[in-house]
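2 protein chains.
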Amino acid sequence: MKALVTGGAGFLGSHLCRRLLVDGYEVTALDNLYTGSRRNIDQLLAHPAFSFRERDVADPIDGEFDEIYNLACPASPPHYQRDSVMTVRTCVLGILNIMELAEKTGAKVMHASTSEIYGDSLVYPQNERYWGNVNTIGLRSCYDEGKRCAETICADYRRQHGVDVRMIRIFNTYGPNMHPEDGRVVSNFIIEALKGEDLTVYGDGSQTRSFQYCTDLIRAMRLYMEKPRTEIDAFFAAQGLEAPVLNLGNPSEWTILELAREVLRQIPESKSRLVFRPLPSDDPKHRKPDIALAKALLGWEPEVPLAAGLAQTIAYFESVLG
Amino acid sequence: MKALVTGGAGFLGSHLCRRLLVDGYEVTALDNLYTGSRRNIDQLLAHPAFSFRERDVADPIDGEFDEIYNLACPASPPHYQRDSVMTVRTCVLGILNIMELAEKTGAKVMHASTSEIYGDSLVYPQNERYWGNVNTIGLRSCYDEGKRCAETICADYRRQHGVDVRMIRIFNTYGPNMHPEDGRVVSNFIIEALKGEDLTVYGDGSQTRSFQYCTDLIRAMRLYMEKPRTEIDAFFAAQGLEAPVLNLGNPSEWTILELAREVLRQIPESKSRLVFRPLPSDDPKHRKPDIALAKALLGWEPEVPLAAGLAQTIAYFESVLG
Chain A
550 MKALVTGGAG FLGSHLCRRL LVDGYEVTAL DNLYTGSRRN IDQLLAHPAF SFRERDVADP
610 IDGEFDEIYN LACPASPPHY QRDSVMTVRT CVLGILNIME LAEKTGAKVM HASTSEIYGD
670 SLVYPQNERY WGNVNTIGLR SCYDEGKRCA ETICADYRRQ HGVDVRMIRI FNTYGPNMHP
730 EDGRVVSNFI IEALKGEDLT VYGDGSQTRS FQYCTDLIRA MRLYMEKPRT EIDAFFAAQG
790 LEAPVLNLGN PSEWTILELA REVLRQIPES KSRLVFRPLP SDDPKHRKPD IALAKALLGW
850 EPEVPLAAGL AQTIAYFESV LG
Chain B
550 MKALVTGGAG FLGSHLCRRL LVDGYEVTAL DNLYTGSRRN IDQLLAHPAF SFRERDVADP
610 IDGEFDEIYN LACPASPPHY QRDSVMTVRT CVLGILNIME LAEKTGAKVM HASTSEIYGD
670 SLVYPQNERY WGNVNTIGLR SCYDEGKRCA ETICADYRRQ HGVDVRMIRI FNTYGPNMHP
730 EDGRVVSNFI IEALKGEDLT VYGDGSQTRS FQYCTDLIRA MRLYMEKPRT EIDAFFAAQG
790 LEAPVLNLGN PSEWTILELA REVLRQIPES KSRLVFRPLP SDDPKHRKPD IALAKALLGW
850 EPEVPLAAGL AQTIAYFESV LG
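Sequences listed follow chains A and B, in order. Per this note's numbering, numbering through the first sequence is continuous, rising by one, with the last residue being 871. Per this note's numbering, numbering through the second sequence is continuous, rising by one, with the last residue being 871.
These are calculated hints, taken from the structure and not from any lab test. Watch out, some of these pointers could steer you wrong.
A pair counts as met if it fits within one copy or between any two copies, since identical chains are not told apart.
Said to hold, decoys possible - Heads up, simulated SDA-like pairs for lysine to any residue below, C-alpha to C-alpha not over 25 Å straight-line:
{"no.": "1", "residue 1": "837", "residue 2": "602"}
{"no.": "2", "residue 1": "657", "residue 2": "688"}
{"no.": "3", "residue 1": "776", "residue 2": "764"}
{"no.": "4", "residue 1": "657", "residue 2": "730"}
{"no.": "5", "residue 1": "653", "residue 2": "609"}
{"no.": "6", "residue 1": "657", "residue 2": "687"}
{"no.": "7", "residue 1": "844", "residue 2": "771"}
{"no.": "8", "residue 1": "820", "residue 2": "588"}
{"no.": "9", "residue 1": "837", "residue 2": "751"}
{"no.": "10", "residue 1": "776", "residue 2": "743"}
{"no.": "11", "residue 1": "844", "residue 2": "635"}
Note that the structure is a prediction, hence the values are computed from the model and not measured.
Isolated chain A (complex conformation):
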């Protein structure tokens, strides 16, 4: 079996490539190395069944693959806002290229969407039926709307051209191979703690977040991709959903203060202290996925506890900052 992983040198893409190699696939990783990195795939390059194409997903793609996983897009605000036009092009032209290839070759596709398509959510927790609350013209729109439009393109290619595409909406995920400048709270806290810089907590730190360890996500992706199409179609039709979309995240809630303390507990030599700053007015009180559909369809739920996942992630950043 041959698989193409776009964004294959990125955080999640590199974990997926590794897993597919273990599962016996021939794996082609495609990445323009804009936020992905050769370091993430260094060990994979020696594998005889692995190959790497340094290319942009927005350019036409050739080849024949049984499965295509589309993970190509900068996903953290500092990265996706650096060149917002490039971000929206990556989202939209990327999936158009992949859908064209899939239509021509019959490849099965998994498209990585995001919890950000729910935007500044008016419901909590979000399930897959929620349509979202997103600004079309703001600073985050290049990612949020680009990803929304990519879902539309997937749904339409499926309906109109019969492409077998399965979508996932990924919630906050962390682990080794994260970009050091990702800018979100897990990597920020770990890097600050390792450097002996203060950890900044906004408000009193009682706002909660959910953190999914990368291998839990990859496991769900593989389970989902292995399901027969007939089962996928029947499941989502029974749910009244017009296309297969599945939230994947960890519903356990941690307060930001608990996260900061756990990071410091695991790095006892750190000289960092906690500092408290005023809470930005638009900081959401909670963020938590509803994963009932993934549980029902895949019999899946996250297994890696935060303490264990953090230990792996801290070890990784120690080696990177080394």
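Following the hints, position chain B against chain A.
This is chain B only, laid out in the frame that chain A set:
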């Protein structure tokens, strides 16, 4: 001055081309004639300052223009759902091509967005700050999300590359040159009345809609495009809007029953009767634009009364069906 009008052989595009010719422009109309028609530009083709390119807006565009008006996209559900992949490609690739051309040549751009970006609106009437309520994977998504993403692309090209782009969100508009199979209520009623077929009213017909006559819209577009950029920037910044987006529609409300009766009054020879059918569960009770921003910026409001606009439209459809 040179202008490019994409969708120039369509309903609104053909009116705009005519108006620009009157205003002394050299006008190039670009249209793939998917829903546009040669009949709409027949009289313009004889004008020495008018030229026509039969091309798709999703293909790269060359030439130098002072102003570009992007009106290219099937806009009625039966048309935009016929080939939904083509619709989303038209929305997104079209505006990407135009933005690239504008960035290269310094052209000023007016992008036609739509009230459909508000989706199944939770507020009434909608003003430009409302973010909308749109399904990413449904049957209407190709148009709604394609148009949302096009707004994002405009806003990002403006911020990142300095393109002078002005967006309009067009509400229900009618008039001569409408496609006979547009499928929306004004053309449906007129054509049914002219053919002597029954006019179907859903529910008791007390639900209200707003109808903007085409020349009112074209007048607003020209006023908006003539404004100096500095004034545009200052106005929208003062409104707290991240990009220039302006609702254009007619806020007068008519019940569907009033519309049907007015059409029959104007076609006294019609043998049509009113028939009542059950109201679909998702039929909105009201639809009405908030045009306070357009009034404030342009000193504009719609002037053509429904009776007068209907008379013109009926005369047009008589000649087409003739």
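Against the structure, the hints:
1. In this assembly of identical chains, residue 837 and residue 602 lie within 25 Å of each other by CA distance neither inside one copy nor across copies; the values are 36 Å within and 51 Å between.
2. For the homomeric pair residue 657 and residue 688, the shortest alpha-carbon distance between copies (22 Å) is at most 25 Å, but the shortest distance inside one copy (33 Å) is not.
3. For the identical chains of this complex, residue 776 and residue 764 are intra-copy neighbours only, at 19 Å inside a copy versus 55 Å across copies, given an alpha-carbon limit of 25 Å.
4. Taking the closest pair of Cα atoms, residue 657 and residue 730 never come within 25 Å of each other, the shortest separation being 33 Å inside a single copy and 37 Å across copies.
5. Within a single copy, residue 653 and residue 609 get their C-alpha atoms as close as 13 Å, and across copies as close as 23 Å, so both meet the 25 Å cut-off.
6. With identical chains, the CA atoms of residue 657 and residue 687 are at most 25 Å apart between copies only, with a shortest distance of 21 Å across copies and 34 Å within one.
7. Proximity of residue 844 to residue 771 under the C-alpha cut-off of 25 Å is restricted to the intra-copy arrangement: shortest distance 14 Å within a copy versus 55 Å between copies.
8. In this assembly of identical chains, the alpha carbons of residue 820 and residue 588 never lie at most 25 Å apart, being 29 Å within a copy and 77 Å across copies at closest.
9. Taking CA atoms no more than 25 Å apart as the test, residue 837 paired with residue 751 passes inside one copy only; the shortest distance there is 19 Å, against 41 Å between copies.
10. Taking the shortest alpha-carbon separations for residue 776 and residue 743, neither the intra-copy value of 42 Å nor the inter-copy value of 54 Å comes in at or below 25 Å.
11. For the identical chains of this complex, residue 844 and residue 635 are neighbours neither inside a copy (35 Å) nor across copies (35 Å), given an alpha-carbon limit of 25 Å.
In the structure shown, a violation is registered for the earlier hints numbered 1, 4, 8, 10, 11, in ascending order.
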